[in-house]
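**Student:** Sequence:
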Amino acid sequence: MTSELLPGVTGVLVLADGTVLQGVGVGATGDAIGEVCFNTAMTGYQEILTDPSYMAQIVAFTFPHVGNVGVNVEDLEQMSGSAETAARGAIFRDVPTPPANWRSSDTLDAWMKRRGVVGLAGVDTRALTRAIRENGMPHGVIAHDPEGKFDIPALVAKAKAWAGLVGLDLAKDATCLQPFTYEEGLYDWPEGYAKPGQPKYDVVVIDYGVKRNILRALTSVGARVTVVPAKTSAEDILARKPDGVMLSNGPGDPAATGEYAVPEIQKLVASGTPVFGICLGHQMMALALGAKTAKMEQGHHGANHPVKDLTTGKVEIVSMNHGFTVDRDSLPKGVVETHVSLFDGTNAGLALEGRPVFSVQHHPEASPGPTDSLYLFDRFAQLMDAKKA
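Here UniProt numbering is used: the first residue of the sequence shown is 1, the next is one more, and so on.
Hints are computed from structural coordinates only; laboratory data are not their basis. Any given hint might turn out to be false.
20 Å max Cα-Cα, derived SDA-like pairs, lysine to any residue [claimed, not checked]:
1) K241 / G148
2) K333 / A291
3) K158 / G136
4) K172 / Y260
5) K172 / S82
6) K241 / P199
7) K158 / G148
8) K267 / G354
9) K158 / L15
10) K295 / G354
11) K333 / E297
12) K267 / T226
13) K200 / K292
14) K314 / T371
15) K200 / G148
16) K149 / E4
17) K292 / V340
All chains, please: the whole structure from these sequences, using the hints.
**Tutor:** Listed below in structure tokens is the structure:
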């Protein structure tokens, strides 16, 4: 029903409640369905749009100017190149600007077209953000048609029919198919990503949708990194004789992924091997230790979130990206809360007393975001040193 739309509209966001946001289509044509969230980061849009944790989500950027640094072949966070295992759509206040950056190799618009990411620009992202804060993250369909032809009732019906993320295991789709090794360190300006040195530790990373910068951070503290699929058994992991195991970030409902992951995590914890969990890995660690998780109304998405490390008293600014949370009141005896969000008081970290086991809800590897929490990888290395000794 194009008669309902303003002249010149080539992109829309249609929500399940019938709300229609009109603007300019960007990137790929067609439509995509997902949960609409907002991200408050001021930089790093390429990293955000390639983060597997955003699978089945449409990201609205609160920072108005996006596209100015272009894109490049280096700053991809997912291991695959498909938008099917990362953000499905992107929403911008202004039409993406031409790039002006020495590392840029292409425009954001052309890159989104190649990846199949549908974009919408020229909408009031502040109003959308306020609506999400007040009412929660809605289900929506983002669509782009250069001719401006949209069947709005059909798009509303499609948004209404989508079941959402609760109960959805997406890690099985975001994970790798075969084990592989990763050899690249953190970015060292201006040379680029560092070459690995002589490894001190063997670390197995369980891939629930891992970000590359987690692997880079592990390599940079001296790890030889082996990445394994999400459904790899604890027996197969321990047969590799790792000095430590990382539970990676990833998309979807932790309770759904936990149906097959939690029993294996429990075996890894019981083995005495140091285990470090991040984001989805943190949530599934909590489930494995007897706690519960819950869906959040608006989630935490951004690179400017304050978190307090209760073990040191230090307040850190961190990168966050999650729509589920660990119920802090459900933490059982022997599981200590180590970090807390200063935005809303939700749990942001835990540790198991008497065991080399800990996890955090935020992203210490950042990308994008501050590096206040990179020390957590050193903390993991110290646990591996102690175990080796």
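**Student:** Hints first: check each against the structure and report whether it holds.
**Tutor:** Hints, verified against the model:
Annotation: proposed proximity of K241 to G148 is violated, straight-line Cα distance about 58 Å (limit 20 Å). Distance restraint check for K333 and A291: the Cα-Cα separation of roughly 10 Å lies within the 20 Å cut-off, and the hinted pair is therefore satisfied. Distance hint between K158 and G136 is fulfilled; the C-alpha atoms sit about 19 Å from each other, no more than 20 Å. This hinted pair checks out: K172 and Y260 have alpha carbons roughly 10 Å apart, not beyond 20 Å.
The hinted pair formed by K172 and S82 meets the criterion: a straight-line CA distance of about 15 Å does not exceed 20 Å. Under the criterion of a C-alpha separation no larger than 20 Å, the hint pairing K241 with P199 is consistent with the structure, at around 15 Å. Between K158 and G148 the alpha-carbon distance is near 18 Å, which keeps this suggested pair within the 20 Å criterion. As the CA atoms of K267 and G354 are separated by approximately 16 Å, the hinted pair is consistent with the 20 Å bound.
Pair hint K158 plus L15 holds up; C-alpha atoms about 9 Å apart against a cutoff of 20 Å. A C-alpha spacing of about 30 Å is found between K295 and G354, which places the hinted pair above 20 Å, so the restraint is violated. This hinted pair does not check out: K333 and E297 have alpha carbons roughly 28 Å apart, beyond 20 Å. Proposed proximity of K267 and T226 is supported: the alpha carbons are some 19 Å apart, at most 20 Å.
Of the pairs offered as hints, the one joining K200 and K292 is violated, with about 35 Å between alpha carbons and a cut-off of 20 Å exceeded. At roughly 14 Å between alpha-carbon atoms, K314 and T371 fall within 20 Å of each other, so this suggested pair holds. Between the alpha carbons of K200 and G148 the distance comes to roughly 57 Å, so the proposed pair goes past 20 Å and is violated. For the given pair, K149 sits about 11 Å from E4 by alpha-carbon distance, which is consistent with the 20 Å threshold.
Of the pairs offered as hints, the one joining K292 and V340 holds, with about 16 Å between alpha carbons and a cut-off of 20 Å not exceeded.
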